[in-house]
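Student: Sequence:
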Amino acid sequence: MASINSISPSQSLFKNTLFVIPTSFSNLNLDSCFLPNKRVPISLRFQKNPVGISTVRMRTVPFVSATTAEKPQKRYPGESKGFVEEMRFVAMKLHTRDQAKEGEKVTKEPQEGPVGKWEPTVEGYLKFLVDSKLVYDTLDRIIAKAVFPSYAEFSNTGLERSEPLAKDLEWFKEQGYAIPEPSSPGVTYARYLEELSEKDPQAFICHFYNIYFAHTAGGRMIGRKVAEKILDNKELEFYKWDGDLSQMLQNVREKLNKVAESWSREEKNHCLEETEKSFKHSGEILRLILS
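Numbering (this note's numbering), first residue to last: 8 to 298.
For the record, the hints were derived by calculation from the structure and aren't laboratory data.
For clarity, every value in this text was computed on a predicted model and none was experimentally measured.
Quick reminder that beta carbons are idealized off the backbone N, C-alpha and C, glycines included.
All the pointers check out, no bait thrown in.
Label pairs and their computed distance ranges (CB to CB):
#1 Glu242 x Pro117: 21 to 27 Å
#2 Ile237 x Lys265: 40 to 46 Å
#3 Lys152 x Gly183: 36 to 42 Å
#4 Tyr83 x Pro187: 40 to 46 Å
#5 Ala151 x Ile186: 20 to 26 Å
#6 Thr128 x Glu280: 33 to 39 Å
#7 Ala173 x Ile237: 19 to 25 Å
Each computed DSS-like pair below joins lysine-lysine, with the alpha-carbon atoms no more than 30 Å apart:
#8 Lys247 x Lys236
#9 Lys287 x Lys88
#10 Lys287 x Lys262
#11 Lys236 x Lys124
#12 Lys124 x Lys232
#13 Lys100 x Lys262
#14 Lys206 x Lys265
#15 Lys206 x Lys152
#16 Lys265 x Lys287
#17 Lys232 x Lys287
#18 Lys100 x Lys265
#19 Lys81 x Lys284
#20 Lys100 x Lys124
#21 Lys287 x Lys152
#22 Lys81 x Lys206
#23 Lys88 x Lys247
#24 Lys115 x Lys100
#25 Lys174 x Lys124
#26 Lys284 x Lys262
#27 Lys115 x Lys284
#28 Lys232 x Lys284
#29 Lys206 x Lys287
#30 Lys100 x Lys287
Use the sequences and the hints to build the structure in full.
Tutor: Take a look at the structure:
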């Protein structure tokens, strides 16, 4: 067994022992009591903190995680529920508070006020129905033609209004009323829809959605109030649907969401931005009721 030389008690363990600083550390400017830097006075390398504990100065390097550097993706109102909810949200904002609780628009025109205060006329109502029929006829032609394949998704939804309107106009004719020709608001809107459908499917879909869905909501309420005032509460075919209206609307919502899935965020925003024009044209036709 190898022997171990004993160390006398009088001999210091560290006496005549030489500690050599490794070459790799000798040029480092480290503030350490084990690796003294000859160029820096000892008095400057150490400081006493308030409780008398020696501390070493250290350089702090800021740390930024990858997740911190990434910007959170912007979420649009209603986006989590599908694009139809985004369209609905934008449309509601363009109503007045009298028309919808989410409405933010300031009332400026008579037709924007409470329907109960309207003073409709049969002649004005006929103008409204005639111009509305022109718009719905135009929508039917666009969907049947389907310049863009996505339009075909909205064929025979059950929401179509051309035939019911034709029946209503025939009823008025039988009552002795003269049926007017389409007026400027309807002609202008129909032409705009034709042009839009040929080159801008996202914008066209915005009008398609707002025309049909607005009629099933506020449109029905307007029809009921007008009928109370000038038609002895007669319910026109324009406000009737064959089948479950709620299910029809849900089916169209699903189709709209499906079509919008292939759109970029920029295309979706473009569609939403068209909402104001849709309201403008529809409002001009609605105003005919009070003419």
